[in-house]
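> Turn these sequences into a full structure, and let the hints steer you where they fit.
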Amino acid sequence: MQKNQLAIGFFSLILLAGIASCTPVKEYQKNRLNDSEMSLSNRKVEKNELNFQSYREASSGANGGKTGGGCGCN
Amino acid sequence: MKKICLTVVGLYCLLLHAFSQVSRKDSVAKDSSGYHSRKLKLEEVNLVSSYYTQNGDHSAIRGGIGSEHVTDLANGLELKFIGYDALGRKNTLAAGLGIDQHTAASQAWISKTGASRRTDGTRIYPSLDWTRENEKKGSSISAGLYYSNEFNYHSIGVNAGITKKVGSNGELGLKLSTYQDRVTMILPSEFEPAGAYSIGNNGDLKHPNYGSSPRQTYTAAFSYSQIINTRLQASFLVDLVEQHGYLGLPFHRVYFTDGTDSIEKLPSQRFKVPIGLRLNYFLGDNIILRGYYRFYIDNWGVRSHTASLEVPVKITPFFSISPFYRYYVQTAANYFAPYGQHLQTDGYYTSNYALASFSSSYFGAGIRLAPPKGIISKLRTLELRYGHYTQTTDLVSDVISLNLGFK
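Line order of the protein sequences matches chains A and B.
For the first sequence, the positions run 1 to 74 when our numbering is used.
For the second sequence, the positions run 1001 to 1407 when our numbering is used.
Derived by calculation from the structure, the hints in this document are not laboratory data.
Errors might be hidden in some of the hints.
[Unchecked claim] Result set (DSS-like, lysine-lysine): computed pairs, CA atoms no more than 27 Å apart in a straight line:
id, chain 1, residue 1, chain 2, residue 2
1, B, LYS1112, A, LYS30
2, B, LYS1265, A, LYS44
3, A, LYS30, B, LYS1314
4, B, LYS1314, A, LYS26
5, B, LYS1265, A, LYS30
6, B, LYS1378, A, LYS44
7, B, LYS1090, B, LYS1039
8, B, LYS1175, B, LYS1041
9, B, LYS1407, A, LYS44
10, A, LYS47, B, LYS1041
11, B, LYS1165, B, LYS1137
12, B, LYS1265, B, LYS1112
13, A, LYS47, B, LYS1378
14, A, LYS26, B, LYS1164
[Said to hold, decoys possible] What follows is a list of derived Cβ distance ranges for each label pair:
id, chain 1, residue 1, chain 2, residue 2, range
15, A, PHE10, B, GLY1374, 42 to 50 Å
16, A, PHE10, B, VAL1313, 27 to 35 Å
17, A, ASN42, B, THR1103, 21 to 29 Å
18, A, SER39, B, ILE1124, 27 to 35 Å
Every value quoted in this text rests on a predicted model; they were computed, and no experiment measured them.
Note that CB positions come from ideal geometry on N, CA and C, so glycine has one too.
Here is the structure:
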C-alpha cells in the first residue's frame, strides 16, 4: 500500500510542479509544439503494437487506447 | 491470405481514384473563417498494415507449456471526413475498418491430442467516431461505435467524450466507454461430452452448439494536458476500469499437482486503475524527446510500471528517424501458477503467462516522411516502424508496421 501512495504522490508532485512552472505561450510561439512529432497521442502506426502489448501483458490503459473488448487471444 | 493482400492493394487503388478528382468549388469552400457551413468532405485516408510474429514456450491452452508461435497480419483503413456547420463548429467523422488474419500453433491443442488442423482465424472490426469541435468555446464533444467479430469472440463498444480548454493552454477531457462482449465457450476436447467434437475434412472442430458467456467492460478515462512552455507539453491520464462476467478463456487449461487438469478459473470481477504521464520536449532544433510513464494496479494483485522514451531526430524538416525503448515490469496475479503447480483446493487458478511475474523490453526504430507537396500523387505521409520485444518468460516477438496517409 505504501508503494501505491508513493506512486500517487510522485504523480501529484510532477503535476503540481508542471502546472506551477507553466509560462503563457501565444499562438505564434507554438511552432515547435505543433510539430507532428510533439503530439501527445499515440501515432496511428503504433496501434497494433499497443494491441499486442495489452494481450501479452496484464496491464493496459492510460495511453488513450482501448481498455477492453475485442480479442479472445491464445 | 492472398485474398487479404489483394483486398489491401484494391483499397489502395480505390483511394487514389477517390482523391483523383477535386472540384474547384470544394477547394474554395475550404476557408471556414467566415463560418460558411461546409458539408462533410473526405480529407484524409490512412492505411495501416502490420505484421506480427511471436515465439514462446508457455502456451495457456496447454496449461503453461508448449509452443506460443503466432503470426498476425493486420490491415486497417480509416477515412476521415471534415465539415463545418453554420456556427463554425468543426465536425469530424472517422470511419474505420480493420481485418486481422492470424495463425496460432497452440490452437491445435484445443483437441487433447493436438489433432485440430485449424490453426488460423480472422478478426473483422469496423468503427465509427464523430467529434464536434467548437474552437470559439475551446470545447469538443465526441461519440463512437465499435464492433469486433472473430470465431470465438464478439465485441460491441460505445463511447462518448467531452474536452474543455481551461486556464492557460490547458485541456481537460473525460471519455466514458463500454464494451459488451460475448466469449464463445470452446472447451478443451476432454471437457466436452463424448461425441460432441469431431474433426471435419478441412480440419475444423465440429460442434453442435458452443454457447457463449458475457463480459462487460466500463471505463471512465480522465485526461489533463498542459502546455508548460514553448518547448514542453505534458498530459496526465487516469482510467478507472471495471470488468464483469467471464474474464478468462474457456480453452485455457490448468494442470494441478496431482496431474489432473481443468479449465482456468478466474474471478468474475476486476477493477483496474492505470495512471499515465506523458512528457514531450523539443530539444534544440532537430531532436524531440517523447517520454511516457504508467503505473498500473488492479484487484487481482497485478501491479506494473511502464516507462518508454522515443527520440525522433529530424534529419530534414520533413524526414525523421525515431529510435525508441520501452521497459515494462509486472507482479503476478494472485491466481497464477506455472504448469502442474496449482492445488485442487485453490479457489481460482490460471497458467496464462500474461498474468505471471515478468519484465519485458521493447526497442526499435521508425522513420517518418511527410514532405509538404506529398510523396507520390495523393500519398502525403509514410511511416515505417519496427520493434523487437522480449519477455523474461522467454517470449520473443517482432512487429513491423506501415502507415500510408493520403490527403
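> Checking each numbered hint in turn, tell me which of them this model violates, lowest number first.
1, 2 and 5
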